[in-house]
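Sequence order for the protein chains is A and B.
In terms of the working numbering, the first sequence has 92 at position 92, counting the first letter as 1, and numbering is strictly consecutive.
Plus 249 on top of the position in the second sequence (first one is 1) and you've got the working numbering.
What the hints contain is simulated information worked out from the structure, not anything from laboratory work.
Among the hints, erroneous ones may be present.
As the list claims (entries may be wrong) - DSSO-like mimics (lysine-lysine), calculated; alpha carbons at most 27 angstroms apart, straight line:
#1 A:25 / B:472
#2 A:25 / B:296
#3 A:26 / B:512
#4 A:12 / A:25
#5 A:74 / A:25
#6 B:296 / A:80
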Amino acid sequence: MWPADTPLLSVKDLSKSFNSFQAVKKVSFELYPGEILGLLGPNGAGKTTIIHMLMGLTSPTSGEISIFGLNPAKPRQREKILTRMNFSSTYVAMPYSLTLRESLMVFARLYGVKKAKARINELLEQFELKEVADRPVRTLSSGQMTRLNLAKAFINQPEILLLDEPTASLDPDIADRTRTYLLEMKRTKRMAIFYTSHNMQEMEQISDRLLFLHHGEIIARGTPEDLIARFRGEDLEDVFLKVAREVRL
Amino acid sequence: MKIHRISAMFLRHIYLYRRSLTRLVEIFYWPLLDLLVWGFVSLYITKLSAEGKSAPNFLGIFLGALILWDILFRSQQGISVSFLEEVWARNFLNLFVSPLTIGEYLVSLMLVAVFKVVVVFLISSLLAWILYSFNLFIIGIYLLPFMLSLVILGWSIGILTTGLILRFGQQAEVLAWGVAFLFQPISAVFYPVSVLPSFLQKLAMIIPASYVFEGMRAIIFQKAFPAEQLLKAFSLNFIYLTLALFFFFRMFKQVRARGLLAKMGE
């Protein structure tokens, strides 16, 4: 088991430039086992670029990323990292001509999941997709698609989960149950979760620590309570509005 | 019927052409290719009658060539269109954040291409036999190396176009349907290479498919196995497949650096 005081994921001086535009500027942070780390920031702050760099979809301009003590820039190490990690985003879908069960079977094979059928049934149950399991993905509502994406994200029982606005199109009931499930995974499996959302109430509720990203830089970090106190906000939403409107405190 | 609504929809499509070079090129591309292919076919037939030669087995030439050409086209599509399906389904990111390596992904697409080729070939051959009493299997066991050569060329073109789509995004997806046909006039699919003007004959010498189609005609008409031509085809295929893979991996590295891989998947 990974030691509790050693970060599963560590980022040091990470930067990314697209020509003359610097999307991410010398960002450093760690993610520990059993922790939910929230990444806050207005649109264009660099959140998605950071997530994409963590998954090796975008190569950093400079800086270091270490996940499970491995370097994702090296192809063989990247492969090992991705077996133990997963990702879900509202902006990504699944193969629309396959049924949900078939889609999940494809990903179960990609991740080398043992007893795949049983695992798929478990996830279909968990995300309340059993009734539509044999329907083509294209017939799903946006909420069902989000849940299917989450089911895919849990297929390999990841130790690190990257979530990009995972509850954006869920109704309040399912969103709440998803948050409860995430908290349960964090507690029981010591899953480390890196989370972005524009739902400030949600971030406040589930994050252990938060990083506040603005113009590609981390301008504040701490627990939700720390940030609210530091920016003298009423709640996290108030803090977000102040920072997004560039009120310097 | 309101003119302003019709003009709005007309404008909607014209705007696309103003900004998209691929769409603009497409307007000229297909008529030009058709003109070239059918122009050379006509030249071939005219030449035969001028020389007073007896009409060859046109059924064999055209149907056999068409079925074999489809092997190349399906092989290429098996790669490019399968890749595009992931892009259209917005599933691309899910795949590339899994442990799947780019090499494994390419091999899987090549297998899909082979599967498509086998299914299409069997159906076309059966239909040609039922409808026209044309038996492509008269080529015998030599059919296999011919098919393999076309499959490999289809892979190379598919990998090349996929690399271009990866780099230039969905605006380049028209290449998935068009690029293979660029090789059709100089591959001498429906006529011998000798029908082509001399500069195109030189180009045909570096296209593996031209050796396959010349070989097919040699078997049908002269009952001779064109071993040398097949060897040339396989040597060229080896070079093109290596270049296509090199190009694809280079493009993949570039799109990762530019953050385009992620954009393609969303």
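Hints and how they fare:
1. A:25 / B:472: Violated, because 70 angstroms separates the two Cα atoms, which is more than 27 angstroms.
2. A:25 / B:296: Violated, because 70 angstroms separates the two Cα atoms, which is more than 27 angstroms.
3. A:26 / B:512: Holds, at roughly 23 angstroms.
4. A:12 / A:25: holds (11 angstroms)
5. A:74 / A:25: holds (22 angstroms)
6. B:296 / A:80: violated (64 angstroms)
Checked against the numbered hints listed earlier, the structure breaks hints 1, 2 and 6; every other hint is satisfied.
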